[in-house]
Amino acid sequence: MPALGSQRRLLGSLNCTPPATLPLTLAPNWTGPQCLEVSIPDGLFLSLGLVSLVENVLVVAAITKNRNLHSPMYYFICCLAMSDLLVSVSNVLETAVMLLLEAGVLATRAAVVQQLDNVIDVLICSSMVSSLCFLGAIAVDRYISIFYALRYHSVVTLPRAWRIIAAIWVASILTSVLSITYYNHTVVLLCLVGFFIAMLALMAVLYVHMLARACQHARGIARLQKRQRPIHPGFGLKGAATLTILLGVFFLCWGPFFLHLSLIVLCPQHPTCGCIFKNFNLFLALIICNAIVDPLIYAFRSQELRKTLQEVLQCSW
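Residue 48 in the numbering used here sits at position 48 of the sequence shown; the count goes up by one each step and never skips.
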């Protein structure tokens, strides 16, 4: 695999600027003396990956087991868990292969290792793209359930949900193959960054609108009950806090990685950007953390799913 040293190999050569764009004389000092590099041990990657693996397997198992959860909303959550599951499996596999190669336990030809690296890169990229897509699909599903409640079951039908799910997976695989194949093209990186910005904007607009509608509904109930204060004092704060956590986690976990891609285009040779490139391991760790947090935000808050999860754990014991 390329770059076996200090950097991990998510998206292969995207973990640094393309070598052809940097003069070799800049390599020793391209990050400058003031760089702060956060070291992420391989053991931490394995631990985070395994925690995410267990969490998302439990979500998929619970939704599969309980027929009451066989609805479009939970299918989207299940697919999100599967996407996060692929992120975890890919990184655990990559870390394990890397450690075996460094220890000399796994001896194979460079061509075979390169092919394995390409497969893992495609798997990781497709899982990340699908994760972002399903996060957006969940936001749209919740928006329709609130603003078009009476028509929800006629708009979001199971056949339509399955077609959306299939389209997301196919698009994610095609996108990942094209991204890995043409990683050194500026337009590819810009498309990935634009996709992230579009998903962030979509989620922000939909969730802010949903929060505004919830506050308006609460004020209407308060007026009907002839309260002096039109809304419960803690409702707005609670809704704002939930929205802040939801969007904050999304931006914190995904933002640094796409900032990394943006800087490859904007300032590949600048020393300050080089300092950011050196922290690619941290950006990857944040994405794995997102795979851990997603079940807590989207799945485990459901009482029905938690009850099914208890049954699954009891059966496993």
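It is worth saying that the hints were derived from the structure and are not from the lab. Warning: the hint list may mix true and false statements.
Distance ranges between label pairs, derived from CB positions [what the hints assert, rightly or not]:
#: 1; residue 1: R142; residue 2: F251; range: 29 to 35 Å
#: 2; residue 1: L296; residue 2: W162; range: 24 to 30 Å
#: 3; residue 1: G43; residue 2: Q216; range: 48 to 54 Å
#: 4; residue 1: G255; residue 2: V170; range: 44 to 50 Å
#: 5; residue 1: H70; residue 2: A171; range: 36 to 42 Å
#: 6; residue 1: A96; residue 2: S154; range: 30 to 36 Å
#: 7; residue 1: R306; residue 2: G194; range: 26 to 32 Å
#: 8; residue 1: F147; residue 2: L50; range: 24 to 30 Å
#: 9; residue 1: L150; residue 2: L190; range: 37 to 43 Å
#: 10; residue 1: C35; residue 2: L313; range: 42 to 48 Å
#: 11; residue 1: L313; residue 2: H70; range: 30 to 36 Å
Glycine residues also receive a C-beta, built at the ideal position from the N, C-alpha and C atoms.
These are the hints, each one checked on the structure:
1. A C-beta distance of roughly 19 Å is found between R142 and F251, which places it outside the suggested range of 29 to 35 Å.
2. A hinted range of 24 to 30 Å holds for the C-beta pair L296 and W162, which are about 26 Å apart.
3. Here the CB-CB span from G43 to Q216 is close to 49 Å, well matched to the stated 48 to 54 Å.
4. In this structure the hint that G255 and V170 lie 44 to 50 Å apart at CB is violated, the actual value being about 27 Å.
5. Between H70 and A171 the CB atoms are about 24 Å apart, so this pair departs from the stated range of 36 to 42 Å.
6. A hinted range of 30 to 36 Å for the beta carbons of A96 and S154 is inconsistent with their spacing of about 48 Å.
7. At about 37 Å, the beta-carbon gap between R306 and G194 misses the expected band of 26 to 32 Å.
8. Separated by about 40 Å at the C-beta atoms, F147 and L50 break the suggested range of 24 to 30 Å.
9. For L150 and L190, the hinted distance range of 37 to 43 Å is satisfied, since their beta carbons lie about 41 Å from each other.
10. For C35 and L313, the hinted distance range of 42 to 48 Å is satisfied, since their beta carbons lie about 45 Å from each other.
11. A hinted range of 30 to 36 Å is violated for the C-beta pair L313 and H70, which are about 20 Å apart.
The earlier numbered hints that this structure contradicts are 1, 4, 5, 6, 7, 8, 11.
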